[in-house]
Every structure is written in structure tokens, then in C-alpha cells.
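Novice: Turn these sequences into a full structure, and let the hints guide you.
Number of protein chains: 2
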Amino acid sequence: MALFLIGLGLGNIKDITLAGLELAKQASVVYLEHYTSAYGSSPQDIEAVIGKFVRLAFRQDLEQKMADLIEEARGQDVALLVVGDVFSATTHIALYLEARKAGVPVRVVFNASIMTAVGLTGLELYKFGKTTSIPFRSKGAASTPYAVIAQNKAIGLHTLCLLDLELDHPEEKRFMTIPQAIDILLAEEQTQHLGAISEQTVAIGCARLGQDDAAIKTGTLGSLAQLDFGGPLHCLIIPGTLHFVEEEALEMWR
Amino acid sequence: MALFLIGLGLGNIKDITLAGLELAKQASVVYLEHYTSAYGSSPQDIEAVIGKFVRLAFRQDLEQKMADLIEEARGQDVALLVVGDVFSATTHIALYLEARKAGVPVRVVFNASIMTAVGLTGLELYKFGKTTSIPFRSKGAASTPYAVIAQNKAIGLHTLCLLDLELDHPEEKRFMTIPQAIDILLAEEQTQHLGAISEQTVAIGCARLGQDDAAIKTGTLGSLAQLDFGGPLHCLIIPGTLHFVEEEALEMWR
Numbered sequence: 000m001a002l003f004l005i006g007l008g009l010g011n012i013k014d015i016t017l018a019g020l021e022l023a024k025q026a027s028v029v030y031l032e033h034y035t036s037a038y039g040s041s042p043q044d045i046e047a048v049i050g051k052f053v054r055l056a057f058r059q060d061l062e063q064k065m066a067d068l069i070e071e072a073r074g075q076d077v078a079l080l081v082v083g084d085v086f087s088a089t090t091h092i093a094l095y096l097e098a099r100k101a102g103v104p105v106r107v108v109f110n111a112s113i114m115t116a117v118g119l120t121g122l123e124l125y126k127f128g129k130t131t132s133i134p135f136r137s138k139g140a141a142s143t144p145y146a147v148i149a150q151n152k153a154i155g156l157h158t159l160c161l162l163d164l165e166l167d168h169p170e171e172k173r174f175m176t177i178p179q180a181i182d183i184l185l186a187e188e189q190t191q192h193l194g195a196i197s198e199q200t201v202a203i204g205c206a207r208l209g210q211d212d213a214a215i216k217t218g219t220l221g222s223l224a225q226l227d228f229g230g231p232l233h234c235l236i237i238p239g240t241l242h243f244v245e246e247e248a249l250e251m252w253r
Numbered sequence: 000m001a002l003f004l005i006g007l008g009l010g011n012i013k014d015i016t017l018a019g020l021e022l023a024k025q026a027s028v029v030y031l032e033h034y035t036s037a038y039g040s041s042p043q044d045i046e047a048v049i050g051k052f053v054r055l056a057f058r059q060d061l062e063q064k065m066a067d068l069i070e071e072a073r074g075q076d077v078a079l080l081v082v083g084d085v086f087s088a089t090t091h092i093a094l095y096l097e098a099r100k101a102g103v104p105v106r107v108v109f110n111a112s113i114m115t116a117v118g119l120t121g122l123e124l125y126k127f128g129k130t131t132s133i134p135f136r137s138k139g140a141a142s143t144p145y146a147v148i149a150q151n152k153a154i155g156l157h158t159l160c161l162l163d164l165e166l167d168h169p170e171e172k173r174f175m176t177i178p179q180a181i182d183i184l185l186a187e188e189q190t191q192h193l194g195a196i197s198e199q200t201v202a203i204g205c206a207r208l209g210q211d212d213a214a215i216k217t218g219t220l221g222s223l224a225q226l227d228f229g230g231p232l233h234c235l236i237i238p239g240t241l242h243f244v245e246e247e248a249l250e251m252w253r
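Sequence order for the protein chains is A and B. Just so you know, we're using numbering that gives the first Met the number 0 here: the first sequence kicks off at 0 and counts up by one. Just so you know, we're using numbering that gives the first Met the number 0 here: the second sequence kicks off at 0 and counts up by one.
These are calculated hints, taken from the structure and not from any lab test. Beta carbons are placed, not taken as given, at the ideal position from N, Cα and C, and that holds for glycine. Check before you lean on any hint, since a few could be wrong.
Straight-line C-alpha distance at most 30 Å; calculated DSBU-like pairs for lysine-lysine [stated by the list, open to error]:
#1 B:Lys126 x A:Lys100
#2 A:Lys64 x A:Lys51
#3 A:Lys13 x A:Lys24
#4 A:Lys13 x A:Lys216
#5 A:Lys51 x B:Lys13
#6 B:Lys64 x A:Lys126
#7 B:Lys216 x B:Lys138
#8 A:Lys126 x B:Lys138
#9 B:Lys126 x A:Lys216
Coverage of chain A stretches by chain B, computed from C-beta distances (three or more under 8 Å per stretch; other residues unrestricted) [claimed, not checked]:
#10 1-10
#11 14-24
#12 93-107
#13 149-156
Specialist: Written out as C-alpha cells, the structure reads:
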């Protein structure tokens with residue numbers, strides 16, 4: 000009896016691994032983190048592939064009912080399916096650690112993560128510094144992401160900015176767009192005046208990385224702020240010092 | 000006609016995704032990067048799963064014959080299977096960029112990477128700074144990895160140190176162990192005296208992450224240098240500032 004934490008990858012249910020599929024089929028109970036507005040397969044599609052009924056779980060529920068979930072896995076195999084990679088969110092790390100502490104065996108099935116899928120831009124993954132998240136204005140200030148960008152840039156490193164989305168209200172399908180993120184960051188520059196970014200800063204906007212209709216665009220923040228990148232999820236990369244191979248790669252996306 | 004770059008994940012051939020398997024079956028020619036000393040499945044096992052003959056390619060050959068490979072993909076579907084994630088090595092990024100420049104369609108199948116599998120330690124992935132590689136003494140100095148550790152640590156970030164291996168001489172199965180890496184780093188500290196690390200620095204040694212017999216150990220560099228972590232691959236994490244949840248997680252591996 001064990002808890003299976005299974006990454007689904009970024010695109011659709013075909014991105015599950017053979018090992019992940021095997022464990023999902025083996026589990027007596029399968030939860031799916033409700034995050035499908037940014038995934039190419041519906042819960043029904045996922046059920047069709049794993050041949051089993053799937054219970055939707057909001058992240059908030061996972062956090063509040065973590066102990067229940069772990070106890071459930073003591074008596075039977077319980078799987079939690081997570082879009083992307085398992086360790087993309089602190090909730091999943093906490094679940095993993097708590098289960099281990101409770102003596103419940105955990106099996107983790109790794110998968111692709113947005114943190115490495117950004118390699119598609121041609122930027123060197125090794126040269127990314129700390130990752131940051133930009134919250135909606137209603138939920139927090141942008142002082143932290145702005146500071147992270149400034150800090151990474153000062154030592155030549157790229158910054159991956161993950162953009163907020165309302166996980167627990169998928170019916171609203173509320174997700175931050177690249178132009179919104181740029182507005183927030185430029186406003187923060189106006190407040191802090193560290194010169195970390197300006198409208199002329201060249202950046203890379205990525206949408207739906209890992210999906211068939213992924214979009215990548217290079218341009219100044221001023222120009223990217225005018226573009227429609229389509230559906231979720233979006234992320235924004237502020238590059239640090241570019242190697243000439245990276246510069247050449249970025250030209251592809253202009 | 001296209002080039003398929005397919006990540007195999009970290010453990011064994013069961014870590015291929017359904018999409019990756021489908022494309023490998025569809026391809027007329029399948030290359031496997033010869034890297035299997037650190038992967039749980041042999042080329043024969045991989046052939047059995049994809050139902051097709053697989054040609055072994057050394058990384059050096061990939062670099063030298065990149066243009067040939069791209070031309071080959073103009074006339075037929077060509078797949079390259081890569082252990083881990085596709086963008087883990089500059090060779091694969093170059094291949095991807097060159098193929099695009101040559102007008103040959105490329106499909107990328109992402110998979111798990113060591114860069115995110117380190118999440119298993121309980122360290123927050125967002126808090127990793129620049130990644131570094133420690134070369135064998137015969138191949139280069141450790142001044143760069145040491146400087147990266149010092150720089151990341153100064154701003155509170157974790158450093159993932161990837162350890163050298165001889166990709167192109169798999170018959171030697173030569174890979175750097177955690178004790179070897181620690182010796183190299185401590186010697187560099189003796190040279191540079193920046194105080195970035197000492198024998199008392201707490202670090203995390205990981206072996207075979209993503210495989211069934213993965214090992215993770217927390218301890219001082221002095222104590223980790225005495226341990227046998229078993230077979231490849233090994234990596235070493237020098238943590239930055241730890242959140243209490245991270246500290247608690249690291250206790251699990253003492």
C-alpha cells in the first residue's frame with residue numbers, strides 16, 4: 000500500500016510515462032489535481048486512458064486534507080496525478096514529506112516541468128538563476144519578482160517568471176497573461192528605479208510550452224506587451240548575459 | 000519528415016512517455032545516445048519496447064555528424080533518444096537549433112531532468128541558482144564550480160553540482176563519485192580561501208535520482224566524503240539559506 004505521486008507532463012495525457020500509467024492503473028483510488036484548464040486533456044480523456052474513474056481534487060483541498068489522503072494510502076494504493084512535474088509546487092513536496100514521516104511508502108514518477116521546458120527557447124538551462132512568480136495585483140506586490148530579476152541579472156543569469164493563475168477557481172479560467180505581467184514589472188521598475196528592466200529590455204514570452212500549439216516570442220518588453228499569446232499558461236523570461244549561440248537562438252523567435 | 004528529439008527520463012525505458020514511444024515507433028531510423036551506463040535499461044531492452052532496431056550514437060559523433068543527421072531527417076522520420084530530458088546538454092540544443100535553421104521540422108518530447116528530480120530531496124526547486132559541473136582533474140580546474148557555489152551561497156541559493164562522466168568511453172564506465180567531487184571542491188577552497196565551503200558545510204549527496212535504487216544522504220562534506228554512494232550518476236547539492244521545511248526535509252536523509 001502506497002501513495003503514488005505521478006507527474007502528467009505539460010501537454011496532454013500522452014505525456015504520461017509508461018511507469019506512471021502502470022501505477023495509475025494499479026491504484027485503487029486516483030485523484031487528479033484540478034488544473035486542467037492548462038492541460039490538453041480533459042478529466043474524461045484521462046479516465047479513458049487510465050481506464051478508471053478519477054476524482055478531482057483542488058489544491059486547497061489537498062492542503063487541508065493532506066492527513067486524510069495519507070491515511071487513505073495506508074490501506075490501499077492511492078495515486079495523485081499532477082500536471083507537469085510532481086515537485087513543481089510546495090503542496091506536493093509537503094505531501095511527499097508528510098507521507099514519509101507518517102511511514103506511508105511514496106513512489107514518485109517524475110515528468111517534464113516548465114522549469115526545463117524553457118530549454119526550447121534555446122537559452123542554456125544551467126544559466127537560469129532563482130525562479131520567481133508574479134502574483135495578480137490583488138494578491139500581492141511585485142517587489143519580490145522584481146528583486147529576483149535584478150539580482151539574477153546582476154550576475155548574468157536568466158530569470159524564469161511564472162505567472163499567476165487561480166488554481167482553485169478553474170471555472171473562471173483566470174490566468175495572468177504576458178502583457179499583464181510586463182505591466183506589473185514595469186510599474187515596479189517605476190517604483191524601485193533599480194534599472195533592472197525597461198520597455199527596451201529584450202525578453203522572451205512563452206505560452207503553452209510542452210503543448211502542440213506552444214508559442215515563443217522574443218522582443219522588447221514594450222513590444223511583447225502588445226502581443227496576444229493566446230490561451231494559458233504563459234511565462235516570461237528576462238535573460239541575463241547571452242552567449243552568442245543563445246542570441247542566435249532568440250533571433251528565431253522574433 | 001521530421002527529427003524527433005525524445006527524452007527517455009532518468010530511470011529506465013518505462014519512463015518514456017506515451018507520445019515519445021509513439022514517435023519512436025513511427026520513425027524510420029532511431030538513434031540512441033550511448034549513455035546507458037547510467038540508465039536502467041540496456042539498448043536491447045529499449046529495442047524490445049519500441050519494437051525496432053536502435054543505432055547507438057556517441058555524443059561526439061552527434062556533434063561531428065550533426066549536418067548528416069539533419070539531412071537524414073529531411074527524407075524520413077528520424078528519432079534521437081536521449082537519457083533524461085532533451086535540453087540537458089548543449090549538443091541537443093545545437094541539434095535542435097541547426098535543424099530548425101535548415102528548415103527540418105523538429106518535434107521535442109520533454110521528460111524528467113536531473114535539474115528537477117533534485118526536488119526529491121525536499122529542497123525548493125525555485126531556490127536553486129545557477130547549475131554547475133565539476134570536471135575530472137585531468138580535464139579542467141574547479142575554479143568555476145567553486146565560484147558558482149560561492150556566488151549562489153552569497154545570495155542564499157542552492158547549487159546543484161553535476162559530476163563529470165566520460166560519455167564517450169562508456170566501456171570505462173568512468174564517472175565522478177561524490178567523495179571525489181568533495182575532494183576537488185575542498186582543494187579549491189584551500190586555493191581560493193573565499194570561505195564558501197569547509198569540511199563542516201552541510202550538503203546533500205544524491206545517486207541514481209529517478210531510478211528505483213536512488214540514494215540521498217545529508218551530512219557535512221567531511222562525512223559525505225567517507226560514504227560509498229554506489230553506481231552512477233552522482234550529484235552534489237550545496238544548499239543556500241534553508242527554510243525550516245527544507246531543514247526538516249534534509250533531516251530525513253541523515
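Novice: Each of the hints needs a verdict: does it hold here or not?
Specialist: Now the hints, each set against the structure:
Between lysine 126 (chain B) and lysine 100 (chain A), the direct Cα distance comes to roughly 23 Å. Compliance with the 30 Å bound is thereby established for this hinted pair. Among the hinted pairs, lysine 64 (chain A) with lysine 51 (chain A) is consistent with the structure: their alpha-carbon atoms are about 22 Å apart, no more than 30 Å. For the proposed pair lysine 13 (chain A) and lysine 24 (chain A), the alpha carbon gap of about 15 Å is at most 30 Å, so the pair holds. Among the hinted pairs, lysine 13 (chain A) with lysine 216 (chain A) is consistent with the structure: their alpha-carbon atoms are about 26 Å apart, no more than 30 Å.
The suggested pairing of lysine 51 (chain A) with lysine 13 (chain B) holds, with an alpha-carbon distance near 20 Å, which does not exceed 30 Å. Taking the CA atoms of lysine 64 (chain B) and lysine 126 (chain A), the gap is near 27 Å; set against the 30 Å cutoff, the hint holds. Between lysine 216 (chain B) and lysine 138 (chain B) the CA atoms are separated by roughly 27 Å; this keeps the pair inside 30 Å, and the hint holds. Distance restraint check for lysine 126 (chain A) and lysine 138 (chain B): the Cα-Cα separation of roughly 21 Å lies within the 30 Å cut-off, and the hinted pair is therefore satisfied.
The suggested pairing of lysine 126 (chain B) with lysine 216 (chain A) holds, with an alpha-carbon distance near 26 Å, which does not exceed 30 Å. For the stretch 1-10 of chain A, the stated coverage by chain B holds: 4 residues have a C-beta nearer than 8 Å to a C-beta of that chain, and at least 3 were required. Closer than 8 Å: that is the beta-carbon criterion, and the stretch 14-24 of chain A has 7 residues meeting it against chain B, so the requirement of 3 holds. For a cut-off of 8 Å, the count of residues in the stretch 93-107 of chain A with a CB near a CB of chain B stands at 6, and the three-residue condition holds.
For the stretch 149-156 of chain A, the stated coverage by chain B is satisfied: 3 residues place a CB nearer than 8 Å to a CB of that chain, which reaches the threshold of 3.
The structure agrees with every numbered hint stated previously.
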